[in-house]
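Use these hints to put chain X onto chain W, whose structure you have.
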Amino acid sequence: MSDWHSWLFWPDSVALSVLALAILVILFMYAARNPMHGVIHSVCNLVTQSTRFISRWLFLSADNLRLRNQSVLLAHSQESAATLIDREFERVTNIIRKDMQEFPALQRKLMEEVTRIEDDYRKCGEVPAPPPEWVSALESVSQIKSGGDIPRKLLEDINKSIQKIHDKTVAEFRRSYEERHKILKGAQPSWRSVEKLIGEMDKKMVSLNTNAKQIDGHMAKFEGIRAKDSKTEHALTTSAFVQLAISALVMVIAMGGAFINYKLIALPMSEMVGASDYITDNLKTSDVAALVIILMEASMGLFLLESLRITQLFPKIASMDDRMRHRLMLASLIFLVILAAIESSLALMRDILIADKASLMRDLASSVPPISEGWITNIPMAGQMIMGFVLPFALAFVAIPLESVVHSLRTVIGVLLVQAMRGLGFALRFIGVVFRRFAKVFELAYDIPIVIPLMIESWVKALRNPPPVQGQAKQRAIS
Amino acid sequence: MKRYLLFMIMVLGSLFVSACGDSRIHSQGVYMLVDTSGTYAQEMSKASKIINYLLATLNPGDSLAVAKVETRSFTEKDIIAKVTFDKRPSQATQQKRVFKAKIEEFAKGIKGSAYTDITGGLIQGAEYLNETKAGIKTIVIFSDMQEELGKGTVRDFPIKLDGIRIVALNVTKLHTDNADPRIYIDRLARWETRVRKAGATEWVMVNDLENNMESILKTR
Numbered sequence: 001m002s003d004w005h006s007w008l009f010w011p012d013s014v015a016l017s018v019l020a021l022a023i024l025v026i027l028f029m030y031a032a033r034n035p036m037h038g039v040i041h042s043v044c045n046l047v048t049q050s051t052r053f054i055s056r057w058l059f060l061s062a063d064n065l066r067l068r069n070q071s072v073l074l075a076h077s078q079e080s081a082a083t084l085i086d087r088e089f090e091r092v093t094n095i096i097r098k099d100m101q102e103f104p105a106l107q108r109k110l111m112e113e114v115t116r117i118e119d120d121y122r123k124c125g126e127v128p129a130p131p132p133e134w135v136s137a138l139e140s141v142s143q144i145k146s147g148g149d150i151p152r153k154l155l156e157d158i159n160k161s162i163q164k165i166h167d168k169t170v171a172e173f174r175r176s177y178e179e180r181h182k183i184l185k186g187a188q189p190s191w192r193s194v195e196k197l198i199g200e201m202d203k204k205m206v207s208l209n210t211n212a213k214q215i216d217g218h219m220a221k222f223e224g225i226r227a228k229d230s231k232t233e234h235a236l237t238t239s240a241f242v243q244l245a246i247s248a249l250v251m252v253i254a255m256g257g258a259f260i261n262y263k264l265i266a267l268p269m270s271e272m273v274g275a276s277d278y279i280t281d282n283l284k285t286s287d288v289a290a291l292v293i294i295l296m297e298a299s300m301g302l303f304l305l306e307s308l309r310i311t312q313l314f315p316k317i318a319s320m321d322d323r324m325r326h327r328l329m330l331a332s333l334i335f336l337v338i339l340a341a342i343e344s345s346l347a348l349m350r351d352i353l354i355a356d357k358a359s360l361m362r363d364l365a366s367s368v369p370p371i372s373e374g375w376i377t378n379i380p381m382a383g384q385m386i387m388g389f390v391l392p393f394a395l396a397f398v399a400i401p402l403e404s405v406v407h408s409l410r411t412v413i414g415v416l417l418v419q420a421m422r423g424l425g426f427a428l429r430f431i432g433v434v435f436r437r438f439a440k441v442f443e444l445a446y447d448i449p450i451v452i453p454l455m456i457e458s459w460v461k462a463l464r465n466p467p468p469v470q471g472q473a474k475q476r477a478i479s
Numbered sequence: 480m481k482r483y484l485l486f487m488i489m490v491l492g493s494l495f496v497s498a499c500g501d502s503r504i505h506s507q508g509v510y511m512l513v514d515t516s517g518t519y520a521q522e523m524s525k526a527s528k529i530i531n532y533l534l535a536t537l538n539p540g541d542s543l544a545v546a547k548v549e550t551r552s553f554t555e556k557d558i559i560a561k562v563t564f565d566k567r568p569s570q571a572t573q574q575k576r577v578f579k580a581k582i583e584e585f586a587k588g589i590k591g592s593a594y595t596d597i598t599g600g601l602i603q604g605a606e607y608l609n610e611t612k613a614g615i616k617t618i619v620i621f622s623d624m625q626e627e628l629g630k631g632t633v634r635d636f637p638i639k640l641d642g643i644r645i646v647a648l649n650v651t652k653l654h655t656d657n658a659d660p661r662i663y664i665d666r667l668a669r670w671e672t673r674v675r676k677a678g679a680t681e682w683v684m685v686n687d688l689e690n691n692m693e694s695i696l697k698t699r
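Heads up: the sequence lines are chains W and X, in that order.
Residue 394 in my numbering is what sits at position 394 of the first sequence, and the numbering runs on without skipping anything.
Residue 516 in my numbering is what sits at position 37 of the second sequence, and the numbering runs on without skipping anything.
This is chain W alone, in the form it adopts within the complex (with noise of 0.2 Å):
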């Protein structure tokens, strides 16, 4: 209070004092006029020309960092699209080189199949002997000239030796028939064999089909990543986000199979490490043991993945030569096993734990032990050890969706990263000019208080400078 009365000149009379200090202000404002003015507008246009600068140095930096994205991932992408076409070529040369490997031997055996059926074929097209020559005979009786009782009995020995010749090639006949026929059922194998073949033959090529044409689409893909046309980009960067969405679910999946694994081993690992160290305040040695137990399992499969050619982070696991490799796959998965039965064993431990425990608090408490039910307690016991021999194994694929979130995340925080630059580059932007237009406003506000001696000011220009008569201004004109 006694500060703001300091500021009075005459104490004792507030209004007068105050008058006379607003008089003052304004005043001080009105000397102050243009270079207050001058030092809003430098304000707002140092404002304005800094958000400016800003603003384009970051769209310029998302263009770069767009450009960085896109070569990335689509070096990313050219190299896996590779490698798929590369994997598809070689399941292609496979299929080529097992079918042509027995493309002779089923040539053989169509071949032999169809050489069987053509004799049985040419079996079936044998004509039976011709009967006795007959007509022949029967031609030189109707040549006899004279007449009577002998040519007449002729023809009726020869009526009855054709009737006795003709059932005779008709049962022939009826009995090749048969014969051809029981032939023609004896090919049917063969056509059915024949038929088999075929369709195995087809469908091989039709398979060969399938893959060509899913080489066709990869080669399709892999033309538009070299093109660097947008659509193929657009398409690799949504497939970038669904990858990282499913991959994330994988490793959350992944993350409470690790967590159930934890909670297996963090009490028997304080029987090995003490259950009474602690790393810092909350955090206990025996619970980080376990922990490091968790990620040494998920390392080596990561190793055994890499190994296996399934993952590639290092590349230098997948460039080693193969006997290397062979090698690390080898002791990776020892190391697995090893930490498997490790933690089955801990499993075990964990149980004798917590009976013991559960019989000490019985014991305290004065309660009388339960019954025991037999082999359906040591149920738990053996889910316990079968899963902390498990879990490590499964633990050991995450490897493959951490692949896919390492790549993946890659582009997805670049797209994110370059919409962050631009959002803020246009937000700057809009600042600056908002800032222009403010100079204005801030310039007005501020002559607002000394609109009295600003009128006076007017006035008084007016009075000294008064306005040209029409007259005058006409001939001030024309000279």
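Don't read these hints as lab results, they were simulated from the structure.
Be a bit skeptical, because a hint or two may be false.
As a list, the in silico DMTMM-like pairs of lysine to aspartate or glutamate whose alpha-carbon atoms are at most 25 Å apart [unchecked claim]:
#1 697(X) - 287(W)
#2 528(X) - 287(W)
#3 587(X) - 287(W)
#4 587(X) - 610(X)
Away from chain X, derived, C-beta distances all over 12 Å, residues of chain W [as the list claims (entries may be wrong)]:
#5 94
#6 248
#7 268
#8 284
#9 352
#10 381
#11 462
In this text, a Cβ means the ideal position worked out from N, Cα and C, and glycines have one as well.
Frame of chain W, contents of chain X only:
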């Protein structure tokens, strides 16, 4: 690169060494004084329950001692059982069983003492707890807090209970307290002032042993 690796190894090594070194800081030390004077000796069954609760709650690495309050309690002879639990949970469980057996044996042949030297027991307890170097030190007094000193026993001097929690359990009301509750309230206030002046970090009183056992120990 080699220097960087060396530096990292040193940092990690020192972290682990320091982590292993300060393991006692996280442990608890509990010294329980059991009043065996006069009629209070009959409360031993309640004391056993509390000891069992302590055994069930304390973790590997923690320390526990149970001592009786006698005519002159500033002596190791009054300690019925004491143990610092092994870091391994399985061993700690075995130690707890042995401890329980000792207490049961003591409870069977309990004899009432003529006087009650709580101050002597407190000094002895503080000495024991300081030796354990436990992070959280607690003296549990299972008594009516009515100190009666024998002839020649000197306890009217300032005591040191720096960094120790004092928990008074089952502070029963005497006949005189029933007649004039101010005696009871004054007695407790006097003890609180005394232990706080001695440097105790906390003064806790627990009479409801059925529902308020958790107040005995301080959670980490």
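Subject >> Status of the stated non-contact between residue 381(W) and chain X (beta carbon gap over 12 Å) >> reply: Given a closest Cβ separation of 16 Å, the condition holds.
**OP:** Could you let me know if the closest chain X CB is still more than 12 Å away from the CB of residue 248(W)?
**Re:** Holds, since 30 Å exceeds 12 Å.
Subject >> residue 352(W) and chain X, when compared Cβ to Cβ, separated by more than 12 Å >> reply: Contrary to the label, residue 352(W) does not stay out of reach of chain X, its closest Cβ about 8 Å off (not over 12 Å).
**OP:** Measuring Cβ to Cβ, find out whether residue 268(W) lies farther than 12 Å from everything in chain X.
**Re:** Residue 268(W) not clear of chain X: closest Cβ-Cβ about 9 Å, inside 12 Å.
Original post:
Is residue 697(X) close enough to residue 287(W), meaning Cα to Cα at most 25 Å?
Top reply: holds, 22 Å
Original post:
Non-interface claim for residue 462(W): all C-beta distances to chain X beyond 12 Å?
Top reply: holds, 80 Å
Original post:
Is the Cβ of residue 284(W) farther than 12 Å from every Cβ of chain X?
Top reply: violated, 9 Å
Original post:
When you check the alpha-carbon spacing of residue 528(X) and residue 287(W), does it fall within 25 Å?
Top reply: Distance of about 32 Å is beyond 25 Å: violated.
**OP:** For the pair we were handed, residue 587(X) and residue 287(W), check the Cα-Cα distance against 25 Å.
**Re:** violated, 42 Å
**OP:** Classify the label on residue 94(W) as holds or violated, using whether its beta-carbon is more than 12 Å from each beta-carbon of chain X.
**Re:** holds, 44 Å
Original post:
Keeping to a limit of 25 Å between CA atoms, is the pair of residue 587(X) and residue 610(X) held or broken?
Top reply: violated, 30 Å
Hint compliance for this structure: hints 2, 3, 4, 7, 8 and 9 are not met, and every other hint is.
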